[in-house]
Each structure stands twice: as C-alpha cells, then as structure tokens.
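Keeping their order, the protein sequence lines are chains A and B.
Just so it is clear: in the first sequence, position 79 is 842 by the working numbering, and no numbers are missing.
Just so it is clear: in the second sequence, position 64 is 129 by the working numbering, and no numbers are missing.
The reader is advised that the hints may include incorrect statements.
Stated by the list, open to error - Capping the alpha-carbon separation at 25 angstroms, the derived lysine to any residue pairs in SDA-like fashion look like this:
no., chain 1, residue 1, chain 2, residue 2
1, A, K818, B, I161
2, A, K818, B, H172
3, B, K74, A, S837
4, B, K79, B, A147
5, A, K836, A, D789
6, B, K74, A, K818
7, A, K841, B, G105
8, A, K836, B, E124
9, A, K841, A, S770
10, A, K833, B, P170
11, A, K836, A, R826
12, A, K836, B, G105
13, A, K833, A, G862
14, B, K74, B, N127
Said to hold, decoys possible - On the chain A side, residues computed to face chain B include the following (Cβ under 8 angstroms):
no., residue
15, P804
16, R806
17, M808
18, V811
19, R813
20, Y817
21, Q820
22, T863
23, A864
24, L867
25, F869
26, G870
27, G872
28, R874
29, Q876
30, T878
Honestly, the hints are just simulated from the structure, not real lab data.
Remember, predicted model here, so these are calculated numbers, not experimental data.
From the three backbone atoms N, C-alpha and C, an ideal C-beta is built for every residue, glycine too.
If you want the building blocks of each chain, they are given just below.
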Amino acid sequence: AQTVTQSQPEMSVQEAETVTLSCTYDTSESDYYLFWYKQPPSRQMILVIRQEAYKQQNATENRFSVNFQKAAKSFSLKISDSQLGDAAMYFCAYRSAAGTASKLTFGTGTRLQVTL
Amino acid sequence: NAGVTQTPKFQVLKTGQSMTLQCAQDMNHEYMSWYRQDPGMGLRLIHYSVGAGITDQGEVPNGYNVSRSTTEDFPLRLLSAAPSQTSVYFCASSPIQGGGFGPQPQHFGDGTRLSIL
C-alpha cells in the first residue's frame with residue numbers, strides 16, 4: 764500500500780515571503796499522480812496543483828510550484844509571494860494511475876500560518 | 066452548476082442510532098467516494114464506487130455501508146453509530162480514471178460534521 768508523509772505539522776511564513784511544504788511518499792509503482800490540496804477554515808478541499816509522475820517537468824500554477832523528485836519520492840510545494848489568503852491546511856495526496864478508481868491517499872497535512 | 070452536494074452539514078447522534086449521509090453530484094461523474102477526516106490523520110477513504118451498481122471498500126470501511134443505484138447519488142449509512150465515528154465526512158467525485166485525459170481532479174463536497182455522543 765502507498766503511504767504519504769508530511770513531516771511538518773505546522774509552518775509559518777511572513778506575507779510576501781516564500782515557503783516550502785514537504786511531502787514524501789512510498790510506492791512501488793512507476794506511474795501515478797500527485798496532488799496538493801488546500802483546506803481553508805471553511806473546510807472546502809481545493810485543488811492547488813497536480814503532477815503526473817511520468818512528466819519530469821515540475822508543475823506550476825501562478826504562485827504555486829512543486830519540486831518533484833521521483834527517485835527520492837519527494838513532492839514539495841513552494842508558495843511564492845505568500846498572501847494572507849494562503850493560510851490553510853495543506854494536504855499532499857497520491858493516486859495510482861492503474862485501474863479506473865481515482866482513490867486518493869492523503870498525508871496528515873501541514874497547517875500554514877501567514878503573518879504580517 | 067452545484068457540483069458535489071452533501072447533506073446535512075452538521076449532525077449529532079446518540080450511540081446506537083442509525084443515519085444516512087447524503088451525497089449528490091450533477092457532473093455525471095462515474096467515480097464517487099467517501100472520506101473521513103480526523104485530527105492529525107488527514108483524510109482516509111471509507112468506500113468508493115466506479116459506477117452505478119458497483120461499490121468497493123477503502124481503507125476504513127468498518128461500520129459503514131454504501132450503495133450506488135444512480136450515477137448522481139452515493140449515500141453513506143451508519144447502521145449503529147459509535148463515538149469512534151465522530152468525524153468530518155467528505156464526499157468526492159471525478160470522471161473515471163483513464164481515457165488519456167490525465168489526472169482528473171476530484172471534486173469535494175463541503176463536508177458533514179458528525180458528532181456521536
């Protein structure tokens with residue numbers, strides 16, 4: 764079974780600064796997908812960014828980018844120019860590319876605080 | 066477009082009571098799933114379905130039943146609630162995996178906070 768580990772329960776960043784959230788995973792598969800989800804206090808689960816394992820290029824979405832290291836099984840999220848609205852829980856998630864079921868395996872989350 | 070709708074948003078039950086959490090989606094997604102979120106444990110998969118009439122167990126299925134009679138609806142049933150089932154429950158849906166369209170993201174409902182006394 765796959766596992767996802769987020770070793771930073773809490774992180775803090777000043778507004779306009781850059782922060783990196785860590786995620787490692789364990790799998791024996793070669794083809795899979797990785798996601799970062801944001802959960803603000805409203806409890807919604809919002810997709811931030813996604814990465815396909817067979818693509819070497821790191822995904823970017825505006826101020827959000829990832830550092831995907833397949834050999835190291837690492838998938839960190841970098842948030843640039845942090846904003847107060849970025850304060851939330853962030854979850855890293857893994858999904859196998861095999862089969863038809865889109866089952867997600869989540870990490871335990873990192874709570875990000877953004878300070879003035 | 067409503068997306069994924071969960072009802073109710075909050076519920077308090079007594080131990081031993083039964084209840085059904087409702088989930089409906091209007092995006093014609095084949096795949097639907099239920100997760101529970103507990104402090105310090107992230108989201109864990111309870112049950113999932115890849116289409117009407119097809120369901121399967123996830124990581125933590127004990128104490129829960131599901132059925133999928135239509136594409137749109139995927140209710141989660143607690144037959145005899147226990148305090149250990151106090152949690153926030155999320156329903157999610159997505160297109161079926163495959164078909165060359167890459168990793169279609171899952172769409173989540175707003176969650177149901179369930180407390181069992």
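Quiz item: Looking at the structure, which of the earlier hints fail to hold?
Solution: 3, 6, 15, 18, 20, 21, 28, 29 and 30
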